[in-house]
Amino acid sequence: MDIQSFIQSGLLEAYVLGQCNAEERALVEDMLSRYPEARAELQSIERALEGYASANAVPPPTWMKGRIMDLIDTEAPTAPTAATPALKSRSWRWLQLLALALAALAGYWIYRSIQLQAEKSTLEDRIEELQVQIDACRERDQRMEKMEQIVVLLRDRDTRPVALDNGKGTAYAYFNPVRQTVALDIAGLPAPAPGKYFQFWAIVDNQPVSMGMVDLQAVAGWQNLPYLENAAALAISQEDNPGGNATPTEVVMVGNIPAG
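Quick note: the sequence shown uses the working numbering, first residue 2, plus one each step.
Everything labelled a hint here was simulated from the structure, so no lab data went into it. Be aware that one or more of the hints could be misleading.
Cut-off 25 Å, straight-line C-alpha distance, at most; resulting in silico cross-link-like pairs (SDA-like, lysine to any residue) [what the hints assert, rightly or not]:
#1 Lys-147 / Asn-177
#2 Lys-169 / Pro-195
#3 Lys-197 / Val-220
Here the structure is a predicted model, which is why all the values come from computation and not from measurement.
Given these sequences and hints, build the entire structure.
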């Protein structure tokens, strides 16, 4: 392997980080002994790693140095040679660099985790805002659709207005036998007494027939009600039961359906 291919192979970086196997380590050390360029590149990598570790260092725990020194003392050669102090110093240096690199990496991942959590929270808030807007648009569309239906009903010549009088005011329902539609203008109704509920009735053959409960929160202030073909009059009663009763308890408004 020529020197340029060797430098570009990544083996020097792996050697510095202690990730070479025995064969790769032998090759690196052989190239270092033969080529000044290889030794210069190794020094450059070491300086770069030291600079990165210093710039991103998070101080390691105070107990780490003691543990590492104990490990070095335990593994020290029983017959030291003249080169032993230098080797020990080099080993401690690389262990320091490795500890700094690991601490920097841990610090980065903690920072990134916090950053991602903040981004997630911001995204969830934005989704919630968009959902509110979607709900508002849907409600507006429903209101517009309802109003279009009411406009068509009111313009129809077959629609008969039914005045529901309570002696103090008048509300209106609209009865269309051709469309078989009954619509109640909620806005014209008085408020029920506290704890009371309005129930709507059709008078068929002089008998009240329930057409359901009045929904005071109906979309666009209009409520569609069941159509009964032979109804002669419409009425509203006031009930204690929110689900209504089989017969009216207190009739508060009533009006005859005009003849066609």
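A quick look at each hint next to the structure:
1. Lys-147 / Asn-177: Within the cut-off at roughly 16 Å; holds.
2. Lys-169 / Pro-195: holds (18 Å)
3. Lys-197 / Val-220: holds (21 Å)
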